[in-house]
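Trainee: Protein chains in written order, with my numbering: chain A, 259 to 591; chain B, 259 to 591; chain C, 259 to 591.
FYI, nobody ran anything at the bench for these hints, they're computed from the structure. Every residue gets a Cβ at the ideal spot worked out from N, C-alpha and C, and that includes glycine. Heads up, a few of these hints could be off.
As the list claims (entries may be wrong) - Among chain B residues calculated to face chain A with C-beta under 10 Å, some are:
hint: 1; residue: 319
hint: 2; residue: 409
hint: 3; residue: 556
hint: 4; residue: 560
hint: 5; residue: 568
hint: 6; residue: 588
Claimed, not checked - Straight-line Cα separation of at most 16 Å, EDC-like style, residue types lysine to aspartate or glutamate; simulated pairs:
hint: 7; chain 1: C; residue 1: 590; chain 2: B; residue 2: 316
hint: 8; chain 1: B; residue 1: 423; chain 2: C; residue 2: 504
hint: 9; chain 1: B; residue 1: 561; chain 2: A; residue 2: 317
hint: 10; chain 1: B; residue 1: 541; chain 2: B; residue 2: 511
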Amino acid sequence: QGCEGDEPVASASGEVDPYKPILFGYLQSQYDYNFDGDENENSFKFKRARIGVRGKVDEKFSYYFMLEASPFIGGDDQEEVYLMDAFVTYNADNWARISAGTYKQPFGLELVTPCHMLTTIERSVVIDQLVAPQRDFGLAVFGGNKYNKFNYAVALMNGRGLKFKDNNSKKDIIARATYKVTNFLTVGGNFRHGYPKLNNNEDSRTTYGGEFLAEFDKFKIQGEYIHDTGAYQAGTGGGCGIEPIDLDGLTSEGAYIMASYDVNEKFQPVFKYEYFDPDVDVKNNIEYLERMTLGVNYFFSKKVRLQLNYLANIETVVNVDNDALLGQIQVKF
Amino acid sequence: QGCEGDEPVASASGEVDPYKPILFGYLQSQYDYNFDGDENENSFKFKRARIGVRGKVDEKFSYYFMLEASPFIGGDDQEEVYLMDAFVTYNADNWARISAGTYKQPFGLELVTPCHMLTTIERSVVIDQLVAPQRDFGLAVFGGNKYNKFNYAVALMNGRGLKFKDNNSKKDIIARATYKVTNFLTVGGNFRHGYPKLNNNEDSRTTYGGEFLAEFDKFKIQGEYIHDTGAYQAGTGGGCGIEPIDLDGLTSEGAYIMASYDVNEKFQPVFKYEYFDPDVDVKNNIEYLERMTLGVNYFFSKKVRLQLNYLANIETVVNVDNDALLGQIQVKF
Amino acid sequence: QGCEGDEPVASASGEVDPYKPILFGYLQSQYDYNFDGDENENSFKFKRARIGVRGKVDEKFSYYFMLEASPFIGGDDQEEVYLMDAFVTYNADNWARISAGTYKQPFGLELVTPCHMLTTIERSVVIDQLVAPQRDFGLAVFGGNKYNKFNYAVALMNGRGLKFKDNNSKKDIIARATYKVTNFLTVGGNFRHGYPKLNNNEDSRTTYGGEFLAEFDKFKIQGEYIHDTGAYQAGTGGGCGIEPIDLDGLTSEGAYIMASYDVNEKFQPVFKYEYFDPDVDVKNNIEYLERMTLGVNYFFSKKVRLQLNYLANIETVVNVDNDALLGQIQVKF
Numbered sequence: 259q260g261c262e263g264d265e266p267v268a269s270a271s272g273e274v275d276p277y278k279p280i281l282f283g284y285l286q287s288q289y290d291y292n293f294d295g296d297e298n299e300n301s302f303k304f305k306r307a308r309i310g311v312r313g314k315v316d317e318k319f320s321y322y323f324m325l326e327a328s329p330f331i332g333g334d335d336q337e338e339v340y341l342m343d344a345f346v347t348y349n350a351d352n353w354a355r356i357s358a359g360t361y362k363q364p365f366g367l368e369l370v371t372p373c374h375m376l377t378t379i380e381r382s383v384v385i386d387q388l389v390a391p392q393r394d395f396g397l398a399v400f401g402g403n404k405y406n407k408f409n410y411a412v413a414l415m416n417g418r419g420l421k422f423k424d425n426n427s428k429k430d431i432i433a434r435a436t437y438k439v440t441n442f443l444t445v446g447g448n449f450r451h452g453y454p455k456l457n458n459n460e461d462s463r464t465t466y467g468g469e470f471l472a473e474f475d476k477f478k479i480q481g482e483y484i485h486d487t488g489a490y491q492a493g494t495g496g497g498c499g500i501e502p503i504d505l506d507g508l509t510s511e512g513a514y515i516m517a518s519y520d521v522n523e524k525f526q527p528v529f530k531y532e533y534f535d536p537d538v539d540v541k542n543n544i545e546y547l548e549r550m551t552l553g554v555n556y557f558f559s560k561k562v563r564l565q566l567n568y569l570a571n572i573e574t575v576v577n578v579d580n581d582a583l584l585g586q587i588q589v590k591f
Numbered sequence: 259q260g261c262e263g264d265e266p267v268a269s270a271s272g273e274v275d276p277y278k279p280i281l282f283g284y285l286q287s288q289y290d291y292n293f294d295g296d297e298n299e300n301s302f303k304f305k306r307a308r309i310g311v312r313g314k315v316d317e318k319f320s321y322y323f324m325l326e327a328s329p330f331i332g333g334d335d336q337e338e339v340y341l342m343d344a345f346v347t348y349n350a351d352n353w354a355r356i357s358a359g360t361y362k363q364p365f366g367l368e369l370v371t372p373c374h375m376l377t378t379i380e381r382s383v384v385i386d387q388l389v390a391p392q393r394d395f396g397l398a399v400f401g402g403n404k405y406n407k408f409n410y411a412v413a414l415m416n417g418r419g420l421k422f423k424d425n426n427s428k429k430d431i432i433a434r435a436t437y438k439v440t441n442f443l444t445v446g447g448n449f450r451h452g453y454p455k456l457n458n459n460e461d462s463r464t465t466y467g468g469e470f471l472a473e474f475d476k477f478k479i480q481g482e483y484i485h486d487t488g489a490y491q492a493g494t495g496g497g498c499g500i501e502p503i504d505l506d507g508l509t510s511e512g513a514y515i516m517a518s519y520d521v522n523e524k525f526q527p528v529f530k531y532e533y534f535d536p537d538v539d540v541k542n543n544i545e546y547l548e549r550m551t552l553g554v555n556y557f558f559s560k561k562v563r564l565q566l567n568y569l570a571n572i573e574t575v576v577n578v579d580n581d582a583l584l585g586q587i588q589v590k591f
Numbered sequence: 259q260g261c262e263g264d265e266p267v268a269s270a271s272g273e274v275d276p277y278k279p280i281l282f283g284y285l286q287s288q289y290d291y292n293f294d295g296d297e298n299e300n301s302f303k304f305k306r307a308r309i310g311v312r313g314k315v316d317e318k319f320s321y322y323f324m325l326e327a328s329p330f331i332g333g334d335d336q337e338e339v340y341l342m343d344a345f346v347t348y349n350a351d352n353w354a355r356i357s358a359g360t361y362k363q364p365f366g367l368e369l370v371t372p373c374h375m376l377t378t379i380e381r382s383v384v385i386d387q388l389v390a391p392q393r394d395f396g397l398a399v400f401g402g403n404k405y406n407k408f409n410y411a412v413a414l415m416n417g418r419g420l421k422f423k424d425n426n427s428k429k430d431i432i433a434r435a436t437y438k439v440t441n442f443l444t445v446g447g448n449f450r451h452g453y454p455k456l457n458n459n460e461d462s463r464t465t466y467g468g469e470f471l472a473e474f475d476k477f478k479i480q481g482e483y484i485h486d487t488g489a490y491q492a493g494t495g496g497g498c499g500i501e502p503i504d505l506d507g508l509t510s511e512g513a514y515i516m517a518s519y520d521v522n523e524k525f526q527p528v529f530k531y532e533y534f535d536p537d538v539d540v541k542n543n544i545e546y547l548e549r550m551t552l553g554v555n556y557f558f559s560k561k562v563r564l565q566l567n568y569l570a571n572i573e574t575v576v577n578v579d580n581d582a583l584l585g586q587i588q589v590k591f
């Protein structure tokens, strides 16, 4: 969890002292051009702007402390710097790393992918809408690493997101497991059962998802399906600045499939198709969305990436001019 | 002052360059369970989440710069990161360290104890209610260190807390002195005289306190009494997220006594009894509070501490179900 | 751009690894005494309190990431920490350093002077009022360094300031060029053309400025004139906590001249005269302002500076008691 993968405490610059805090972060400067059919609004902005510190304090305990400084990622009322991922981890062994604090709910391949390693600029809409709150307070156990066939995570979380204490007495449970079936194919399953509503221990919500990741040499293809039904609390925050749709009482679903190819070390084209249906019980739902993303990633070096994405949004019921061209330069430190 | 004691510029990792900034902080992941007589609300949260930098710039000048990132410590409207302690210090000599900036008012043993070294999870109610604003802008002189029998501090401060300029022309004066009477007994006195009200140079407030600290080998006992009378400005902020009681025109007092025992290097049980009376002139005051705290501290290592506290709140007039069990894991870096 | 000059990635402490992030910042503790003709309000406060990280990630790319933590610099609703300057730079060569992110609009000598190197505590009013938004999102090219006779900057920016996306489709263009005419004289010109109003691609604003800097051994004199006309959007934020005057539809101008003398390495007296006229078309404008600043700078060491400034504000139409005495201690790390 957090935005670093399996090596949270290795210093890029070869620090000798393993217990020294590591200062790290990244900056995503972005330019958005909207084909809105009118004046084509466009803007320079940040996507993410993160700075933090992580490290080990002894053989068993480590910590992670990350601030988000972008005014555009935490929703409308979040223009200042706020604490994003922060946790204390007890590394019992490879099959039990216990973390207490805030982190992403362990649900779905694209969600658990660190934000600076996403293949497209935007996460899939189904993830941003259904895995909300995306980050939460809780206690979790993580097991396995990238060399193991099997990996898992189980979390007990408030279900209210980053800025509030829980105000019902029930907790959400989120679980995730992946298995490397063959050298090139990994499949996974995700589950969440929670009580999202304020002062309400009755109305529950159930979410499940399935995923796969196939890697053939330089070609990579991955996909996910998520299904969600039950209660929903508006205002707990969608992912990454998206406008959350009120899903209370609805059954929703969505999926994406994404293919990328490493032409060489620097150049990687990507194509993603996705859909999201906030209410499967209604025909010709006006909020039903399909999107195709066509993109290229260019890696100037290990720490510098340029992304260009064209987002073609397809409304099947009433056409809306809302395609967009996004360009982002990211530097990691 | 600040959250570090007598050695603000020593690097834990043995830095060679004495003028390099030191990155430091700590994270307190907490779980609260409230015996509220109804559904027993409970929540994962942070208590404190602090990150900062401190150091020396030359022989005489040092600095301290600490951010608070927890959304639960600065009051209701403080969900973002804010500047907590920040000051420039001119170290003239051991008897005159002059600091300009923000820091805790130098009033009371438990208040000046660094927040990551408190023996119980919560400070005593009397301190959080009466030493408000807990942090303030000002100019102060500190003298003495832990090897001296005598220590003192005198501060001239705005009296309005962290986020505002003073808007009357009077300043608050706060003074503190401690004396090590014998090897095992230290006593201290504290005083504050201020003008808390906005646009008001007339209505003043006077606070004084007495304290003792007795250490017999592995057994430690400490206590404080605080008395406060006069004007009060609502909204200047109590300590550490407490709900401040409006004390305007009232005479208030409170005290605590706390005993702890180091069973061994890792395990330390603690007991605290305290009371707070916001209005000593009213019999059977419904806001009169007694609390007993029963706790254990477990030190996994020097940098990792687990605290468990049971808070028994005793209302003598009308009983309220408001006991609580708090668990906190702290990592320092 | 940013608050560091020509050497953004050199570590003060002689780091060996050129790609290690450099933690840096400064703290300005200040005391203001206002001769308001009544009770003479006075307050301890911060001016700026900045902390950040900067560095190179490879031969060509560098980054800069700076937070402002002072509650008094970003305007009334900005009491928390926010992201100030943050950009990714591609260092093509000395004549083309391309930066994407947020930084100060490259307009005017005193504005581009790093905030910790200003000769007086306050920038000139004409700059804070007319170069607004002072910081903005954009893409810019910078050329030249302090050893070149010619330096330039051209920026394409949103025109809406730090916390918002642009919401018209036009961008602002800002340009600046300076030329060292002789060893002791540098002259410069600045230009901005923008569309400040929300949802408005019609109403434009044009600003131009001229400047000179003359250095004769220990004596330094500099001056600027700025002229501005056209549309204005209230709420885009003036500079450094100043109360912005609504200039919509007005033609405004102002200038300053400032002289300083290095008596020795530590002691530097300074005198500044300035005026600002928000509406040149009105005679005896009540908002017309003249100010004389008399100050001394004392450098305890390279990293510690004390500033004392007396600000004599002269209203020619109706006299107002608003002189002020400001004292500031700054530590850089």
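Trainee: Looking back at the hints listed earlier, which ones does the structure fail to meet?
Mentor: Hint check: 1, 2, 3, 5 and 8 fail, others pass.
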